[in-house]
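Since the structure of chain A is provided, determine the placement of chain B with the ligand on it from the hints.
Chains as they are written, first to last, in the working numbering: chain A, 1 to 385; chain B, 1001 to 1259.
Restricting the straight-line Cα-Cα distance to at most 27 Å, the calculated cross-link-like pairs of lysine-lysine (BS3-like) are:
(1) A/3 <-> B/1140
(2) B/1028 <-> B/1246
(3) B/1140 <-> A/8
(4) A/211 <-> A/61
(5) A/98 <-> A/123
(6) B/1114 <-> A/8
(7) A/335 <-> A/323
(8) A/322 <-> A/365
(9) A/208 <-> A/3
(10) A/33 <-> A/211
(11) B/1087 <-> B/1114
(12) A/3 <-> A/97
(13) B/1198 <-> B/1007
(14) A/33 <-> A/3
(15) A/3 <-> B/1137
(16) B/1243 <-> B/1071
(17) B/1060 <-> A/153
(18) A/8 <-> B/1137
Across the chosen pairs, the derived CB separations fall in these ranges:
(19) B/1064 <-> A/149: 30 to 38 Å
(20) A/27 <-> B/1190: 29 to 37 Å
(21) A/3 <-> B/1237: 37 to 45 Å
(22) B/1060 <-> A/149: 24 to 32 Å
(23) A/273 <-> B/1077: 14 to 22 Å
(24) B/1157 <-> A/35: 20 to 28 Å
(25) B/1087 <-> A/246: 50 to 58 Å
(26) A/27 <-> B/1137: 25 to 33 Å
(27) A/383 <-> B/1190: 56 to 64 Å
(28) A/34 <-> B/1072: 47 to 55 Å
(29) A/33 <-> B/1077: 42 to 50 Å
(30) B/1078 <-> A/385: 41 to 49 Å
In short, the hints are calculated from the structure, not lab data.
Ideal Cβ placement from N, Cα and C applies to all residues, glycine included.
Letter by letter, the chains look like this.
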Amino acid sequence: MNKGYYGKFGGIFIPETLSFALRELDTLYQDIKNDTTFNNELQDIYIHYVGRPSPLYFAEKYTENIGGPKIWFKREDLNHTGAHKINNTVGQALLAKKLGKKRIIAETGAGQHGVATATICAKLGLECVIYMGETDIQRQELNVFKINTLGAKVVPVSSGTATLKDALNESIRDWVTNVENTHYIIGSVTGPHPYPEIVRDFNSISGKELKDQSIERFEKLPDMVIACVGGGSNAMGVFAPFVDDLNVELVGIEAGGVSDSDIGSASINDGSIGVLHGAKTMILQNNSGEILETSSISAGLDYPGVGPEHAYLADIDRAKYKKVFDSQALDAFYKVSRLEGIIPALETAHAIAYLEELSDINKDKNVVVNMSGRGDKDLYSVMSL
Amino acid sequence: MISERFKELRKHNLTGFVPYLVANYPNKDIFDEALAALSNMGADLIEIGIPFTDPIAEGKTIESAHHASLKNGFNLTNFLNQIKNFKNRFDTHIVAMGYANSFLNPSIEEVSQKSREAGFDGFLIVDMPYEETDTFKLIKGRDLEFIQLVAPTSTQENIERGLSNNPSLIYYITQRGVTGANNLDLTEVQNNLKDLQKITNVPIITGFGIKSSEHIKAFKDYTDGIVIGSALIECLANSNPIKSMKDFLAPILEELKNE
Ligand SMILES: Cc1ncc(COP(=O)(O)O)c(C=O)c1O
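Isolated chain A (complex conformation) (with noise of 0.2 Å):
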């Protein structure tokens, strides 16, 4: 098989001049990953800067009302920068030093991956440019004002649909032009190998913890993991520790936009194989292979891909992948900021509106959300709505 595939999955579609910038971190990859030296140095920023490890809440509040399994989260939201995002920056971000990198690109959707982006640039030393889409800057003001802030640039992109895939675009170009001095830290389990599988080994450090938490807390694994699902990154660090766990039932959640009627950005749920951005998996296209216009109410969630590994569990039916509509999201965000004092992203609210649906399942059971994000970023165009 060829490399960087997860069943039919995956691959390194991508223009030739990346080829050897792919290959390059590919082999330091490989190389660094059992490092005890660079284990140790990301160890410390996770511990020290990010604020790891999350805590793993019974939300006792929330069970009652939901009547069913115990309720638990993941707290993610709590991590510095305020999303699993930065699992993988900080990651990423030492790779490139170790490249010899000293410029940084990513794109961005709901700003969150460009703020993580331009944290640990700032804190290393790093030149840093975000693309995003014209779309959402306007509805993550306050994350373009961030970035900004911490000293890195916002680069808006007009054309396509002026979102998350276009920033991906003018991100990939930015990188073919510049490849040899640039790193791309791409923000989700998505794009050519090895991306998928750095970004997953990245953010797989909430997956490891909340296998011990669980053990500590109820003394035995989850029965349900659940997390939405945009590129996949913060599932995909959720999940992968489980896999191999059969009978740990895995959730992911994409998001359906307004209604069954709508294109929304549910790309397994809704979407074909195909290539898109680097990688053959599952995305939301027409009969000819164009990509289509998605809709979602959450700017990070709004993406006509997904991360192949997702799309591989998906095909093997190891993962479930369930679709859940802008208004029940929305109906989870107040919910659990009333019941348990906790505002959520948007993408986040999508994974706890599942809970809704599992009201049957036993007293017994332990059910965890990834609690990717904490909800500031959505409160300017919560407030709007």
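Same frame as chain A, now just chain B with the ligand:
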């Protein structure tokens, strides 16, 4: 065969003319007219860009042309009929250049079959890596040739991996960047083309950002063909597109033929 045409050019020490158009840009009629005009002007090979929503290797000019063509309702099945008509009148070699997702839908077998029947001579799939050997075999199995991209950043090891798929032609990308970029380093391109010829006898065409007689003069002794893309697309956006294109190409063709 494309490969034979370029071997012939090499034998006679000539440099081929390889214009690039985006399918049905700026509209169907002008595209058809441009295609015919370029054939009459002696194009050795015409690359036809298959419009895609997310053309990551293209600069602004060609990206906009892709989007404009899609907006006008581009449809591959209808377009293949247009190509059939063109091929009934001209024997100019043509390749479909585009992105993997356009070629894999519904399947590479079906797209290859139908493209061959319509008269395409080959494919150039920008984001199809050398590793996808089965895809290249399928394309060749449908009697289509394919063109392999080589970049300034390509390692010799990787080029050789690509050559083992038996491409008909190499397309050397002159610069790190997208189509139409303005960072040409003439000496670097010459040196890389010289090095490439040491590795392989496969004919080499050269493109990305080539837009003047000076560029042609600098490269023509080192390559078997010159690709003109973004500069041509810009002409077609003008109010008198065909004349604009011909005027722009006149000095370029003269330089190409100049011994
Ligand atoms: C809080 C939060 N959760 C989830 C996502 C979706 O990304 P992924 O599916 O890669 O976890 C984002 C993306 O911006 C986010 O900000």
